[in-house]
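Student: As you go down the protein sequences, you meet chains A and B in turn.
Start counting the first sequence at 2; every next residue gets the next number (this note's numbering).
Start counting the second sequence at 249; every next residue gets the next number (this note's numbering).
Be aware that a few hints might be false.
[Stated by the list, open to error] Label pairs and their in silico Cβ distance ranges:
(1) A:R151 / B:R375: 33 to 43 Å
(2) B:D372 / A:H32: 26 to 36 Å
(3) A:R151 / B:K412: 23 to 33 Å
(4) B:D380 / A:F68: 18 to 28 Å
(5) A:A50 / B:E262: 57 to 67 Å
No wet-lab data here; the hints were simulated from the structure.
All C-beta atoms in this analysis are idealised placements derived from N, C-alpha and C, irrespective of residue type, glycine included.
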Amino acid sequence: MTKTEYAFNSKIEGEVIVTQADAVINWIRAHSIWPMPMGLACCAIELMAAGGSRFDISRFGSEVMRFSPRQSDCMIVAGTVTYKMAEVVRRIYDQMAEPKWVIAMGACASTGGMYRSYAVLQGVDRVVPVDVYISGCPPRPEALLDGLLRLREKIRGERSVSGLVKGREERELAYTEANR
Amino acid sequence: MTTEAIDNLSQKLEYLSNRPSLDYPAFNCPQDRILDCLQYCKKELGFDLLCDVTAIDHFETSPRFEVVYHLYSTRNPAYVRIVTPCVGDENPEAASVTGIWAAADWHERETYDMFGIQFTGHPDLRRILMWDGYPYYPLRKEFPLAGHEVDLPAADVVERTGVKVLPAPMMGGPFHAGQTGPMSKREPRADDESWTETKLQKELEKPHKPRELSEPKE
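Please put together the full structure from these sequences, using the hints given.
Tutor: Spelled out as structure tokens, the structure:
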């Protein structure tokens, strides 16, 4: 985990910054997580509230809600995922460009929640790899923002340079293995 | 139309019989006269709004399925409920009322989806909530609450993720994770995912063993 603070002192270093490529890449990624709002139920209302002026998700660089998976980094699964919708969630996840992360927002997306039912997928982590689970039914916007900050912490600890070369296959393989 | 007209409906249409009801007037109607009856209710009594079409499963009795129509008049606010039995117990059939109210289209699709009632004369009888090709009718009495194990329709997604439609766990809250290991390593899961009614049935069939009381220690 790279947790060092990289400060820049212009008096010593002039116009040159010496740092690690991982630190720069992760710093850029962590501060512009564009969400793919996968709003499926009432959690999506809280997600909208988080985007509004009172909670203002743009303080964390995530105000750019893209309804196109091609332009987004983090899928926020907000709501109950039915088995009928599960394949759609997976397809949209597949269409997102690397690097990509998933936040399971609320009890339903994390575990199926109160819907112990023949029609509801018991946790979206059965179809996509989840990075952050947020508890709550629905979670308050603060909880979502906290989840976003946790994701940011996670991104800061990633090995992004080696991930540029062999990221996707490895993650995919690890996920498939874990499910078998 | 007056309340009296509704109450006297069974005298006007002699094939109707009164049905016990706690709220609105309700009538039983034989299946072969249901279209006449509903047409009369719409044209003569002014029931212009079809609120709901649903069904009742009287498991292990015959006729097993009944279709229930809830009608409402927007001109003289009043409700009435008409109930008709289906033909056939395993593959029940009923006449479609889409010709009278276009609103019946999706209501009948839902009733077909949940109970498997074939509505003859429906323009497009497909499942509406569950996916096409789902092999069960979930609101029938023999269908367990947790559901059955079946394959998901999307073969490519199944191949990549290994996801399956499994019986839902019936115990353990949404964030009631197992109590072993650090919290950061645990994933939210029901405590015991294998618990369903089938398992409960087995537990109930076991002979009951009274708990032995231990001797108090001196």
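Student: If a hint holds in the structure, say so; if it doesn't, say that too.
Tutor: Each hint tested on the structure:
1. For R151 (chain A) and R375 (chain B), the Cβ-Cβ distance of about 40 Å falls inside the hinted range of 33 to 43 Å, so the restraint holds.
2. For D372 (chain B) and H32 (chain A), the hinted distance range of 26 to 36 Å is not satisfied, since their beta carbons lie about 50 Å from each other.
3. The beta-carbon spacing between R151 (chain A) and K412 (chain B), approximately 30 Å, falls within the hinted interval of 23 to 33 Å.
4. The given range of 18 to 28 Å is respected by D380 (chain B) and F68 (chain A), whose C-beta atoms sit roughly 26 Å from each other.
5. At about 59 Å, the CB distance of A50 (chain A) to E262 (chain B) agrees with the hint of 57 to 67 Å.
When the structure is compared with the earlier hints, a violation turns up for hint 2 alone.
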